[in-house]
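2 protein chains.
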Amino acid sequence: MSTFETITQFSRMLNNLDEWLQKGAAYGQSKNFEPDVLGQARLAPDQYPLVQQVQSACDAAKYAAAYLSGQKAPSHPDTEKTLSDLRARIRTCIDYLGTFKAADFAGAEERRVAPPWMQGSSVRGDQYLTRIGVPNFYFHVTTAYAILRHNGVDLGKRDFIGVRNWADFAES
Amino acid sequence: MSTFETITQFSRMLNNLDEWLQKGAAYGQSKNFEPDVLGQARLAPDQYPLVQQVQSACDAAKYAAAYLSGQKAPSHPDTEKTLSDLRARIRTCIDYLGTFKAADFAGAEERRVAPPWMQGSSVRGDQYLTRIGVPNFYFHVTTAYAILRHNGVDLGKRDFIGVRNWADFAES
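From first to last, the protein sequence lines are chains A and B.
Residue 1 is where the first sequence starts when you use this note's numbering, and the numbers rise one by one after that.
Residue 1001 is where the second sequence starts when you use this note's numbering, and the numbers rise one by one after that.
With the rest of the complex left out, here is chain A (with noise of 0.2 Å):
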């Protein structure tokens, strides 16, 4: 499981999220109800409404590819409101990790990583995806997940891992 193939796969899955998002949207239209309040629903009173669950989720893959790969991260306001916004969000960030190719994450596993919340401390790149960039990033797609089924969207696991057909995965 190399960098980038860790890196690809989150953009699958904030592609599923995307699709999750269309499914609230069109299950807010059906139940007549303004598909935005979903954005605002949250599992607890003092755990992220969705609208921050997205942007997190965002951040975390975003802040994943920059710091592997020793680039700067690019600004994303967390200015979003609507689920429209969201999915533009999502657009993206899926777009800023699609400009990675496999060889910008060459050595990036013995790579030192400074986020500025460890206020200059660092850990090795591998120790950081696998102890806090993957956690974080299933943490936030999940928690989205979760709140959407809460509130009656029809989703299932299917949904969540995204493959439709197994046999056109199996030939990979």
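Among these hints, one or two may not hold up.
[Said to hold, decoys possible] Simulated crosslink set (EDC-like; lysine to aspartate or glutamate; CA at most 16 Å straight-line):
id : chain 1 : residue 1 : chain 2 : residue 2
1  : A       : Lys72     : A       : Asp59
2  : A       : Lys157    : A       : Glu19
3  : B       : Lys1031   : B       : Asp1154
4  : A       : Lys157    : B       : Asp1046
5  : B       : Lys1157   : A       : Asp46
6  : A       : Lys101    : A       : Glu5
Since the hints were derived computationally from the structure, they do not count as laboratory data.
Please build the complex by placing chain B on the supplied structure of chain A, with the hints as guidance.
Then chain B, alone, in the frame of chain A:
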């Protein structure tokens, strides 16, 4: 991020999950409700309750380790009812994961993996781990966390990530 490192990370996360269950038990006692009712809590009527989320997280980790090493997975029957049972199941899974050494996963990325549900088809080991094993594992641990959080258990992101002391982590 080697296969062995990913399996090691699964063990870390299962240890974290064990701590969340302990917090859930303590919460029940502090609020004078039977803590084991949390085992049947769920976020949506057609989604697994906590018991099955924990069982599924354990199985995702167990099967990833078995498939990627070419071993037959041991049987861990889904008989758990209480939080204490679930903690024992987690311990059984962590003990199993602890039997593996890095060398057991030599060639794991190219190994063909053929889970029964693929009905005779197979995928490369690295594809299985990146696209099925890791997302599935994090799906179930995050949903278990979300169920507890939704029911009022005092958990935060640091409990999820499980890194208590950034300074220690930074040496890695």
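Status of each hint after checking the structure:
1. The straight-line distance between the Cα atoms of lysine 72 (chain A) and aspartate 59 (chain A) is roughly 13 Å, inside the 16 Å bound, and the hint therefore holds.
2. As the CA atoms of lysine 157 (chain A) and glutamate 19 (chain A) are separated by approximately 13 Å, the hinted pair is consistent with the 16 Å bound.
3. For a cut-off of 16 Å, the pair hint linking lysine 1031 (chain B) to aspartate 1154 (chain B) stands: about 12 Å separates their Cα positions.
4. Straight-line distance between C-alpha atoms of lysine 157 (chain A) and aspartate 1046 (chain B) comes to about 11 Å, which keeps the hinted pair within the 16 Å bound.
5. Proximity of lysine 1157 (chain B) to aspartate 46 (chain A) is assessed by CA-CA distance (about 11 Å); at most 16 Å being required, the pair is judged to hold.
6. The straight-line distance between the Cα atoms of lysine 101 (chain A) and glutamate 5 (chain A) is roughly 10 Å, inside the 16 Å bound, and the hint therefore holds.
Hint check: no violations occur; every hint is consistent with the structure.
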